Amino acid sequence: MKHIKVGDLMTDEVVSVVTSTSFKDVAKLLAQHDISGLPVLDDEDRVLGVVSESDLIGRETADRPLARGVPDGRGTFPADFSAGEVMTAPAVTVPAEETVAGAARLMARRGVERLPVVDDEERLVGIVTRRDLLRLFLRPDAEIRRRVVEGILMDTMGLGADAVAVHVVDGVVALDGRLERRSQVPVLVRLTGQVEGVVAVVPRLSARVDDSPLTPPSRSARDMPW
Numbered sequence: 129m130k131h132i133k134v135g136d137l138m139t140d141e142v143v144s145v146v147t148s149t150s151f152k153d154v155a156k157l158l159a160q161h162d163i164s165g166l167p168v169l170d171d172e173d174r175v176l177g178v179v180s181e182s183d184l185i186g187r188e189t190a191d192r193p194l195a196r197g198v199p200d201g202r203g204t205f206p207a208d209f210s211a212g213e214v215m216t217a218p219a220v221t222v223p224a225e226e227t228v229a230g231a232a233r234l235m236a237r238r239g240v241e242r243l244p245v246v247d248d249e250e251r252l253v254g255i256v257t258r259r260d261l262l263r264l265f266l267r268p269d270a271e272i273r274r275r276v277v278e279g280i281l282m283d284t285m286g287l288g289a290d291a292v293a294v295h296v297v298d299g300v301v302a303l304d305g306r307l308e309r310r311s312q313v314p315v316l317v318r319l320t321g322q323v324e325g326v327v328a329v330v331p332r333l334s335a336r337v338d339d340s341p342l343t344p345p346s347r348s349a350r351d352m353p354w
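Quick note on my numbering: the sequence shown kicks off at 129 and runs consecutively.
It is worth saying that the hints were derived from the structure and are not from the lab.
Some hints could be false.
[To be verified] Per label pair, the in silico range of CB-to-CB distance:
1) Arg251 - Gln160: 23 to 31 Å
2) Asp153 - Val300: 33 to 41 Å
3) Ala289 - Arg251: 51 to 59 Å
4) Asp339 - Ala217: 51 to 59 Å
5) Leu266 - Asp171: 14 to 22 Å
6) Arg251 - Ser340: 18 to 26 Å
7) Asp298 - His161: 56 to 64 Å
8) Val297 - Pro218: 19 to 27 Å
9) Val300 - Ser150: 24 to 32 Å
10) Ser148 - Gly286: 36 to 44 Å
11) Gly286 - Ser334: 35 to 43 Å
Computed from a predicted structure; not experimentally measured.
All C-beta atoms in this analysis are idealised placements derived from N, C-alpha and C, irrespective of residue type, glycine included.
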């Protein structure tokens, strides 16, 4: 069964800056594009860090306020800080081939709202946000059912499309029917639960043949070869 990868969901047109970008320009980009953070890159497009609204606000409340001082000769305020000075580093990144579930766990573990997506050479190729991941849980029931029937029953387990009746309501998948072997039941339930967008699995399955492994009888000392 094919899982959705981060590369399938990411935004590949990413607004980014370099370390020398002034805080004022960073703030403009955040406002213009209605985003809360952006990656900071080196000369080879490798991600050095991430600068966010919270980074800017945090520096404003520090001992040295942002963009406060004496106007220069042109009547503007000089930028006191650059993106490289206020960014959070090192950046938490994710490979484009990572599964969406893996990216979600990484976001939760590191407490971030966005992940720069990188290629095999750690170069920026996109960005994925919590909002992008949330879209999966809004996947239509019909699409979930199609992935269970075609991706699991047919492609992975080699069964017919009607081997099991699959009903999906609000992300809850009900599996009804009789499989050939009992060992297939936990496999089908486990794979169905791994489909992105599935909230729960309700198995009502039986099997024609019980091929559960039998526990071998214990051997006494007289049976042991010496």
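Here is how each hint holds up against the structure:
1. Arg251 - Gln160: 23 to 31 Å: Hint holds: Cβ distance 24 Å, inside 23 to 31 Å.
2. Asp153 - Val300: 33 to 41 Å: violated (48 Å)
3. Ala289 - Arg251: 51 to 59 Å: Hint violated: Cβ distance 42 Å, outside 51 to 59 Å.
4. Asp339 - Ala217: 51 to 59 Å: Holds, since Asp339 and Ala217 (Cβ atoms, about 54 Å apart) stay within the stated range.
5. Leu266 - Asp171: 14 to 22 Å: Given range 14 to 22 Å: violated, Cβ gap about 39 Å.
6. Arg251 - Ser340: 18 to 26 Å: violated (50 Å)
7. Asp298 - His161: 56 to 64 Å: violated (34 Å)
8. Val297 - Pro218: 19 to 27 Å: Distance hint for Val297, Pro218 is violated at roughly 44 Å.
9. Val300 - Ser150: 24 to 32 Å: violated (51 Å)
10. Ser148 - Gly286: 36 to 44 Å: violated (57 Å)
11. Gly286 - Ser334: 35 to 43 Å: violated (19 Å)
Violated hints, listed in ascending order, are 2, 3, 5, 6, 7, 8, 9, 10 and 11; each of the other numbered hints is respected by the structure.
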